[in-house]
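Novice: Sequence:
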Amino acid sequence: YSAPIEVLVGIDLEGELAGIEILFYRESYKSIRGDFLNSERFPNQFAGKSVADGFRVGRDIDGVSRATISSWAVSRGIRNSAREVASAYLGEAAIFANASVEDQALSLLAPLSWEGLIDDGLVKPWPVSLEDGSQIELTVAFMGNEKLGEMLVGSEDYSRAEREASNRVSAGTLLLIGIAGNASSPFRQENLALQQNEWTYQVERRRFVYVGSAEEGKSRNKMRFAGAIVLPPEVDIAQPFTLFYNTGIEVDSIDQLEQVVYQVPPIALALAQGRQVPAEFLPDIKDEYADLPVETSLQALLNSAPWSETALLVLLLCVATTAFVLKNARLRWAALLFTFVYLGFVNGTFLSVSHLTNFIKQGPGLFLNDLPLLILVVFTLVTTVFWGRVFCSSLCPFGALQDILERIVPKRWRRTLPQWLHDRALWLKYVILAGLMVTAVSYSELTVFQYFEPFGTLFYQSQSVLLWAILSLFVLGSVFVPRFYCRYACPLGASLGVISVAAFWKIKRVPQCEVCKVCESACPTGAIRMQKI
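Letter 507 of the sequence shown, counting from 1, is numbered 507 in the UniProt record's numbering, and no numbers are missing.
Rather than coming from a laboratory, the hints here were simulated on the basis of the structure. Watch out, some of these pointers could steer you wrong.
BS3-like mimics (lysine-lysine), calculated; alpha carbons at most 27 angstroms apart, straight line [stated by the list, open to error]: (1) K218 / K124; (2) K147 / K49; (3) K124 / K147; (4) K147 / K222; (5) K222 / K124; (6) K411 / K327; (7) K218 / K147.
Each pair of labels, with its calculated beta carbon distance range [as the list claims (entries may be wrong)]: (8) L417 / V385: 28 to 34 angstroms; (9) Y443 / C318: 38 to 44 angstroms; (10) P127 / D255: 17 to 23 angstroms; (11) I254 / E14: 46 to 52 angstroms; (12) Q259 / C318: 42 to 48 angstroms; (13) L466 / D423: 29 to 35 angstroms; (14) S184 / V448: 55 to 61 angstroms; (15) R41 / F386: 39 to 45 angstroms; (16) E14 / I404: 53 to 59 angstroms; (17) F480 / C318: 32 to 38 angstroms; (18) E234 / Q135: 43 to 49 angstroms; (19) E250 / V314: 37 to 43 angstroms; (20) Y443 / E234: 52 to 58 angstroms; (21) L337 / L23: 52 to 58 angstroms.
Backbone N, C-alpha and C define an ideal beta-carbon position, used for all residues, glycine too.
Please construct the entire structure, taking both the sequences and the accompanying hints into account.
Specialist: Structure below.
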């Protein structure tokens, strides 16, 4: 994500959005996907939305695939700007009545100290005694409203928790769990359970999110760190419920576990439900949108992973590896075709030199919030170090396209470049790679890889005529020269070629190679010449 993103927003006299137009933005994906924020269905869904809506990605707004943070930034900017303009010019409209109610309700809570919030019932201490006499000092607080959550834990921590919750589950409000104390055993989320009436629910890992280290808001210095339960939809927040914590001590029933009864107090309940309450309390109409998060932990990576996509990718990697080890042509073709269709057009999780340039600009965090991409990167690096460019032969969707062309194009069309030209042209991709690396280091705002790598043009359906012309030239070259692009122009293949120099089990040359030349003839990229590979 790279700010700013300029958006034109239209609002009618009823406080509804007439539509939006994204005017300008600078994103690395824009180079290969074209104007992806405008060309997909993302902008169309804002028309007809009320300025009082939440504008929350994953809830009432569908984000753009592979551009989640940009989607959140656009949604938040539209919401905040539209509300400011509408408040100034449509202040008397009924749609803003609840907004003023929210401000008044929060004004009742804002002056309260932490102890005052305890007296109000919003915050409830919950000391949990362990078998050895030490204690986990837990704190429970309802924060099912954006401003309420920011008041308790600060905007950054609340934003992180809300975003992570939206990524994991489709519905549910947040219940803060603060952790402190001198416990000999650390707090564990899986020890929590919730009961209301006859219904008992063990808190799943995906429904417990990290909030932060309690450095802001009213919780500052009141706990060591905090998490939050994303309450299941079955929980009636208007009714009391009981929280249980399993300390490991054997008990005969759940009623003997450490427990606390919690009930959302009237002001917070009104904010969450959007209804009128007694005159001294004023409600909110929405559980609103949160800010941009940063997810860096392994637990967040696993819990937000798209497991169906991950399973399909792992299956593909297994097929490609089996085909490579067994030298099975049918399996290799099965892997190539699946790669071409699924990784290319359907899913888009294929490696590109853009990942390398963005790694230089952003560091390894680029891969740590996308499990399928991380798996593919690790697999590619490991197989390259051990065996060479397995990715290029079996897992590159553009390589698959060139192999398909070689298969269907008549052999009489094939041409062979003069050996002197071929030997020199092989170095071109390394020159391109070096140029891209220098550009990434020296000019971080400049992206030029799309002119040398046609993956995104084809699979992301670029809107650029120039990029389609470049793609056409590479495809035309591949019609006459097998793997033309791989041989002479692929910077990603060049980078893997540099790594494969240190491969443990690369092809060994023997004296008979001077006579045999089978490998030299069979190499799809023409990279073998006599004793040289």
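Novice: For each hint, tell me whether it holds in the structure or not.
Specialist: Against the structure, the hints:
no.	hint	verdict
1	K218 / K124	14 angstroms, holds
2	K147 / K49	21 angstroms, holds
3	K124 / K147	19 angstroms, holds
4	K147 / K222	19 angstroms, holds
5	K222 / K124	12 angstroms, holds
6	K411 / K327	24 angstroms, holds
7	K218 / K147	12 angstroms, holds
8	L417 / V385: 28 to 34 angstroms	31 angstroms, holds
9	Y443 / C318: 38 to 44 angstroms	40 angstroms, holds
10	P127 / D255: 17 to 23 angstroms	18 angstroms, holds
11	I254 / E14: 46 to 52 angstroms	51 angstroms, holds
12	Q259 / C318: 42 to 48 angstroms	47 angstroms, holds
13	L466 / D423: 29 to 35 angstroms	30 angstroms, holds
14	S184 / V448: 55 to 61 angstroms	57 angstroms, holds
15	R41 / F386: 39 to 45 angstroms	43 angstroms, holds
16	E14 / I404: 53 to 59 angstroms	54 angstroms, holds
17	F480 / C318: 32 to 38 angstroms	35 angstroms, holds
18	E234 / Q135: 43 to 49 angstroms	31 angstroms, violated
19	E250 / V314: 37 to 43 angstroms	40 angstroms, holds
20	Y443 / E234: 52 to 58 angstroms	53 angstroms, holds
21	L337 / L23: 52 to 58 angstroms	41 angstroms, violated
Consistency note: the structure conflicts with the earlier hints numbered 18 and 21.
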